[in-house]
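Chemist: The chain contents come next:
Number of protein chains: 2
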Amino acid sequence: MSIRQIKETCLYVTDLDRTTQFYHEALGLPVIGRVDGRHVFFRAGTSVLLCFIAGKTKEDQELPAHYGSGQLHMAFEVAPADYANWQEKIRAAGLPILHEATWKGGHRSFYFHDPDGHVLEIVEEGMWGG
Amino acid sequence: MSIRQIKETCLYVTDLDRTTQFYHEALGLPVIGRVDGRHVFFRAGTSVLLCFIAGKTKEDQELPAHYGSGQLHMAFEVAPADYANWQEKIRAAGLPILHEATWKGGHRSFYFHDPDGHVLEIVEEGMWGG
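If you read the protein sequences in the order shown, they are chains G and S.
Take the first sequence: its letters are residues 1 to 130, numbered as in the UniProt record's numbering.
Take the second sequence: its letters are residues 1 to 130, numbered as in the UniProt record's numbering.
Just chain G, with the same shape it has in the complex (with noise of 0.2 Å):
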């Protein structure tokens, strides 16, 4: 009866191509699906994220209506092996690194935005035990 992990996390954006370009071509996000005018959806390793215009899906008929505003935040998680080249990687994109932490037991992490202003986050793994 345990839940195995969240599957599916969702932000609310404005433009579908600047989603895409950042989420696919700067992050390097496999898109796994697309409607134009509705979503954007990519795979997160495990995960996906559902990206949707705000606004959208506050009309929809047929699946229960959801909506957000705001600048959201989420975690990406990532092998310590691979944390610096993270780093370097949204540097090289010309992304403000916005805030480093180390926190309990030695993990790092460091805070970047996406185009709509959402907070996104990546963790190394380890962090939050399990």
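You can't tell identical chains apart in this list, so a pair holds if it fits in one copy or across any two.
Cross-link-like lysine-lysine pairs, in silico, DSSO-like; alpha carbons within 27 Å at most:
hint : residue 1 : residue 2
1    : Lys104    : Lys89
2    : Lys104    : Lys56
3    : Lys104    : Lys58
Calculated from the structure, these hints are not laboratory results.
Given chain G, put chain S in place with the hints provided.
Modeler: Chain S in isolation, oriented as in the chain G frame:
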């Protein structure tokens, strides 16, 4: 350089006790952190669910500010063998099931609300392929 998973997903809530009653008592997620007036965190398998009092993290000085409103969507993954038991558990908790779906590949999911109206989904492992 691959992302392993989305490790942290956030929701913005209004009452930490009510949120704890729901996610911990009703759904069975372990509580892994709480700061009264600010947040309660839950383990959800290999992921963590961070529930922040709406507005509190907008004022953050040390960490990058984030915030959100609306009725956000996220999905928990369970083993196919547990799927029917999860439906029963949700019904037994007095929570209306908003919608049920069978997706490409035959994977099933169902939707229900949390106390803040966030739109939760239980999906069978295997959905979204890999």
